[in-house]
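Visitor: Residues per chain, in single letters:
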Amino acid sequence: MQSGPATPRSSQHSRLATLALLLAAIFIAPALRAQDWFHLETSTGAGKLRLAVASFKSTSADPATLPAKAAFDETLYNDLSNAGIFDLVSKDMTPQAAPGGQSEIQLSQWSNPPSNAAMVAFGNLAVNGGRLTVNGFLDDAKNPQYPQIFARQYSDTASENNARQIAHKFADEIIARLGGGITGIAETKIYYVKQTGSSKEIWGMDYDGANQHQITHVGYAISPRISPDNSRIAFSSLGRNSGFQIGMYSLLLNRTVNFANSGSTNQSPAWAPSGQQLAISSSRTGNMEIWVSDAQGTSAHRITQFGHEASPTWNPKTGAQIAWISGRTGLPQLYIMEADGSGVQRLTDGGYASSPSWSPNGQFLAFAWDRKYGPGAPGGQDIYVMEIATKKWIQLTHDGGRCDFPSWSPDGRHLVYSNSPDGRADHNRIMTMLADGTQKRALTGPGTDMPNWSWR
Amino acid sequence: MSVFATLDDQTPDRFGSGFARAIGLHILVGCFLAVLAIYVPGHVEHWGENASTVGAIQASMVSAIPLPSNVTPVEKSVLASENTTPAPKPPPKEATQPPPKPTDILIKEKNPLKTPPKVAPVEQPAPPKHPQPTPPTTKAASGDAATQLPQAINQVKNGTAMATVQDRTFGTRYAYYLKIVSNTVAGDWYTQEADPTESQGKRVTILFDINRDGVPENIRIETRSGSPSLDASALHALQRVDNFGPLPAGDHITVEYTFDYKHP
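Line order of the protein sequences matches chains C and X. The first sequence begins at 1 in the numbering used here and counts up one residue at a time. The second sequence begins at 1001 in the numbering used here and counts up one residue at a time.
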C-alpha cells in the first residue's frame, strides 16, 4: 500500500484559497444586513407651562430697595427661563402691573391675551433697616376660584448678592412645584479651571456664571470634582518635583487637606455618590489603572488590569457602577463596569471618546467624542449623550468648535461643557445648554476649562 | 484489499480546489443577487421608514431626558411666536377742536327749545309676589352628570388625552396640579406605539393613584379600547413618568386618564 504522498503544493494552495474565500463570505455577510435606524422624536405636543413673572412691588421707601429689587427681578426671570421647563411670557408681553399681594392681582389681566399665562409669579420686596424681606406668591391664573398655589416669605441681610440668592430660592421652589418634583438648580455651583499665564487654579461660580471667585492657590490644579456634600473639592495637581497627584481642598476649612498619594501619576478623581469613596486613575503599579480608595486616599484597591484606563465617573443613582475611558483596544473608548471591576461593557465602537459624565437619573452618559478621528478625517470633537440601556446616542453640539468635559446638572436637564470656537486652547470657555442641545450660552470668558457641576 | 476506499484513493483531497471553486461560485451568486436587490427595484424602502403610514414602532429612547417637548410655534399666531411682535399702535387721538384764539369773537348760540318740565313719577305699589314654581334642576347643575367632564385636556399628535380626578373637589381646588399631571403624561405618550389602523377612533381609560410624593402607583386599565397596541401605549405612557411633584394636599388621589386615538 502506498503511503499518502506528501501534500503537493497545489493542494496546499487550494486549501489556502478555500480558507480565504470562507473568511470573505463570513465578513461580507454583516454588510448586507439592513441599516439600523434611530429616529429621535419624542413627542406629541403637550407643550410647556406658560408662566408669567411680574415685577415685584417695592413696599418700602428705603433707597436700598430699588437696586435689590432690580437684582431680584432679573435673577428670578433668568432662573425660570434657564430651567428649560417653562414657556416664559416675554418681557414685552408681560403686563406692566406689579401686584404686591393676593388682593392686588387681577388674574384676568394675566390670563388674557397678550400674556395668556397659566401661572403668575409675583410678590413684594422691601428693605427696612438693613434687612431684606421678600414675599413671593405663585398663582394659577386660570383658576379664579382658588388661585393660590403657594406663598413664601424670605428674609436676609440686605445686599445685592442676598437678593440674588433669595431669587434663586424662590425660583427653585417654583421649579420643584411645577416641574415634577425635581429640585431646581438655581442654588447649585460650578467649579472649573481658570488659567492665568502659566498657572491653573480651581475657581467656583454660581450656575448662571455669577460670583466667579478663586478657590485654590496651589500653582497648577486641574479636573476639579466637588464632593456630594459640597464640603471638599478633589483635584489633580502638578507638584514641582512630582508628577500629578490628587489634592483635596476643604471648603469648610478653606485650605488643602491631606490625601494619601502613592506612585508617580494620580489623576482624574471621581466621587462616589455616598461621598465615602473616590475613584482615580493611578499608575502606581506601572500602567494607568482605575483605583478606588476612601476619601482620604487610604484603603486603595485596583479594579482594572489592562493598563491605559482613565477618567472614571460613578453612577450617581446607584453608586455601584463606574464608567471610564479605556485605551485597551487602541483608540480610547467608553466602557462601564460594576464598582468592583466586574461586568465590563464597551459602549462606543470607534472614534476617540473622552471625559464621560453619568446623568443623575442613572440612564445617560454624556461624553466628548471625535467619531471621525484620524489623519485626513474631518475630525471635530463634540458632546454626545448615550442611553446606556439601548446604546443609542444623540449628538448635542456641532460646528461650534472643539467641545470637551461635559458635566450634568443635578436635575438631569442641563449640561455644562468647555468649548473652544476656533480650537485654540487659550480661547476655551465654559458653556451651558439644555440636555437636548438647545439654549446654548457661554458662562465665562476665555481661559477657562474642565467644568464640574455640584451635586446639589 | 479492503472493500472500503482509503484516503489514498480519494483524489482530489476533500477540501481541495473543487471545494474552493464551489465556494467561489456561491459568493459570485450572492454578489449577483445583491446587485439585483440594490439596483433593480430602485429606492429600497426600509421597514418603518415611510412617515405617513406610521405603523411600525419607530426606535425611540426608552427613557426620556426630563425636559418637556418643544412644540413648534404656529408662526401665524402672534401669541405663540417666539419673535417679539411690534408694539400695538397707540389709540387714535381724539379729534379735538383747537382752543379759541383771544381775538375770536364768541358767537352766541340761539337758546335751545325749552324742555318740558319734568314730572315726578307717581309711586306705583309693587305687584304682589306669588310663589313661583322652582325650575327643575338640570342634571349638570345637580352633579348627577352621566359623563364627567374632563378637568384637563391635551391635544397630542394623533389623539387627545384627558384627565379627571375622582375627587372632584381636589380637581377644582388644585386644577394646576391636574394640568401638570395631564401635561406630563401626554408628553410621554408616544402615539407611534399604537397601530393606526387598529386604534383609529378608539379610546382607552387608565386609572392610577398618585401618592403623597407624587409617584404614580397601581396603574390599571379601566376600559379597554379593543386595540391592544393602544392599551399598551397608554400603559407605557404612565410607566415612563417618575414623579409628578408632591401632592398639594391629601394622602393620595386617583386619576382617570383617557386616551383618544385619532389619526388624521
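Worth double-checking, as some hints may not be accurate.
As the list claims (entries may be wrong) - Okay, the calculated bits of chain X under chain C, using three or more residues with CB under 8 Å as the criterion: (1) 1169-1178; (2) 1244-1250.
What the hints assert, rightly or not - Not everything, but these chain C residues come out facing chain X in the computed CB check (under 10 Å): (3) Ala71; (4) Asp73; (5) Pro114; (6) Leu251; (7) Leu253; (8) Asn254; (9) Ile303; (10) Phe306; (11) Asp349; (12) Val385; (13) Asp411.
As the list claims (entries may be wrong) - Using C-beta positions, here's what the derived DEER-type ranges look like: (14) Ala176(C) with Ile1219(X): 20 to 26 Å; (15) Lys1108(X) with Leu66(C): 37 to 43 Å; (16) Ser103(C) with Asp1167(X): 42 to 48 Å; (17) Gln109(C) with Asp1251(X): 32 to 38 Å.
Honestly, the hints are just simulated from the structure, not real lab data. All C-beta atoms, glycine included, are put in the ideal place defined by N, C-alpha and C.
Visitor: For every hint, state whether the structure bears it out.
Guide: Okay, the hints, checked on the actual structure:
1. 1169-1178: holds (count 5)
2. 1244-1250: Answer holds; 4 residues pass the 8 Å Cβ test.
3. Ala71: 24 Å, violated
4. Asp73: 19 Å, violated
5. Pro114: 6 Å, holds
6. Leu251: 29 Å, violated
7. Leu253: 36 Å, violated
8. Asn254: Violated: closest Cβ of chain X sits about 35 Å from Asn254(C), beyond 10 Å.
9. Ile303: 27 Å, violated
10. Phe306: 30 Å, violated
11. Asp349: Interface hint status for Asp349(C): violated (17 Å vs cutoff 10 Å).
12. Val385: 8 Å, holds
13. Asp411: 7 Å, holds
14. Ala176(C) with Ile1219(X): 20 to 26 Å: 24 Å, holds
15. Lys1108(X) with Leu66(C): 37 to 43 Å: Once the Cβ atoms are compared, 57 Å apart, the range 37 to 43 Å for Leu66(C) and Lys1108(X) is violated.
16. Ser103(C) with Asp1167(X): 42 to 48 Å: Distance hint for Ser103(C), Asp1167(X) is violated at roughly 29 Å.
17. Gln109(C) with Asp1251(X): 32 to 38 Å: Check passed, 36 Å falls within 32 to 38 Å.
Checked against the numbered hints above, the structure breaks hints 3, 4, 6, 7, 8, 9, 10, 11, 15, 16 and satisfies the rest.
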